[in-house]
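First to last, the sequence lines map onto chains D and V.
Take 1 as the starting number for the first sequence in my numbering and just add one per residue.
Take 1 as the starting number for the second sequence in my numbering and just add one per residue.
Read the hints as simulated data drawn from the structure, not as lab findings.
Wrong hints could be hidden among the right ones.
[Stated by the list, open to error] If we take Cβ atoms under 8 angstroms as the criterion, some of the chain V residues that face chain D in the derived model are: (1) 23; (2) 39; (3) 76; (4) 183.
[What the hints assert, rightly or not] With a Cα cut of at most 25 angstroms, we get these calculated BS3-like pairs of lysine-lysine: (5) V/33 - D/187; (6) D/187 - V/40; (7) D/63 - V/40.
Where is the CB? At the ideal position from N, CA and C, for every residue including glycine.
So the chains spell out like this:
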Amino acid sequence: MKSISLYEEKHSFLNGLSPETKLLYVIVAIAVPVILGGRIPFFAFIAMSITLLAGSGVLRNTKTIVAVSGFILITVVIIQTFFRGGTFTELFRIGPLVARKEGFEYSLGIVLNVLNIIFCFCVFVLTTKPSDMMQEMVKHGISPRLGYVFVSLFQIIPQMTEHTSTITDAQRSRGMETEGSLATRIKAFLPLISPVIMNSFTDTRERSIALEVRGFSSTSKKSFLEDFVPSSADSGMRIALIVLFCASVAFTVLRVMGVIAWLR
Amino acid sequence: MSDKRTGNPWKVKMSTASLVLIPAAIGINYVGKLFASMLKLPLWLDSIGTCLSACLAGPIVGALSGLLTNVIYGLTMDPISTVYGLTQAGIGIAVGLMAWYGKVNKLPGIIVTGLLAGLVAVCISTPLNMIFWGGSTGNVWGDAVFAAMGSQGFLASLVDEIIVDLPDKIVVLLLTAGIYKVLPKSLVTLYQAKDESLD
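Generate the whole structure from the sequences, applying the supplied hints.
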């Protein structure tokens, strides 16, 4: 069945780690650079995430994710570089616009932070099967019923988006315009979205009956179809991440107390 | 649309019907956003599903639909949008409560609900915009104003978000109310049947 999940089974190092460990990596990779401060930790974690992704053979799958956020990042850089208020040092001029050093440096910080978040998230998202994520959540006490909702999403959304092109074509063949002035385009929205909504609600009724018939509301203990067995490196990785996190906290505390100087 | 309902809106039994409503609502959010970008509309229109499910099944289902929408965005397209799940959850709660108390009935009520949902969204999104994007929203109109206001500070970011969110949420609520009216009665009663036990 078609799924929107970006997960790919490559039998790689990252595929073998438990979802929990990878989530811990995400948290550590986001928190440690913020705790330490400066730019170097961001570069280090971005490089580490990229290395991990490349090692698992999924680096090219990051393309779509980077493209989505990359577009916003470009606008952020432009806005901050040319329009940031306050005193500024001129870098260069394009017509009436002055590029400002302070704004550019500020936007660079945002870019680094966002790229770091994107890449460490990719480590988690591209190498973890949605059903394994769900299993982990259920093991940690989330209701299996919500777990079903989570996993089913990956299949229901592509089903619904497949309908969209059919609906667009059908409405166009009736003479509806989807291009032109803003008013025309706004008018086109309702005829496009309402069939999707009606369809999905009808499906909802059928799905809830189908689930009930199969004992979805049963209160007996649920078991798992496949049990995820993490690789031997899993616990080692987890300890290393925790040590890294504690070390960065300790380092920052010592630095604030003035015991050690920040090496820059 | 929905009449005033009795009972505690926070203590709703999670029936199977409410649970399967969540994926449907998320799908509607997803498709709404897809159509809005296909038609190149200046609005997001990505919370129709959240509002519909909140009207049908109350604030908790609305909040869950909203939160999970952004979790799914985060897992499939844009990792940072995960944190904006909080915004969507806030919208779900606001709309769910207004609908529960029968305010999403006539045009003034619908617009007030839209404004309220928009304000909730602004209050939650602006700090997130500040933390992750230095204050900009990624929407052309809002960001143009943000740039004109010196592209820094909380106020500029707040105005940036208000310009986009308030019209967006009002349009979403109008669409939601319109769609809700034409929903089959058999579907609506699935969620709004009085809790009468047959035992």
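Now the hints, each set against the structure:
| no. | hint | result |
| --- | --- | --- |
| 1 | 23 | 5 angstroms, holds |
| 2 | 39 | 4 angstroms, holds |
| 3 | 76 | 5 angstroms, holds |
| 4 | 183 | 7 angstroms, holds |
| 5 | V/33 - D/187 | 16 angstroms, holds |
| 6 | D/187 - V/40 | 12 angstroms, holds |
| 7 | D/63 - V/40 | 23 angstroms, holds |
The structure fails none of the hints (numbered hints given earlier).
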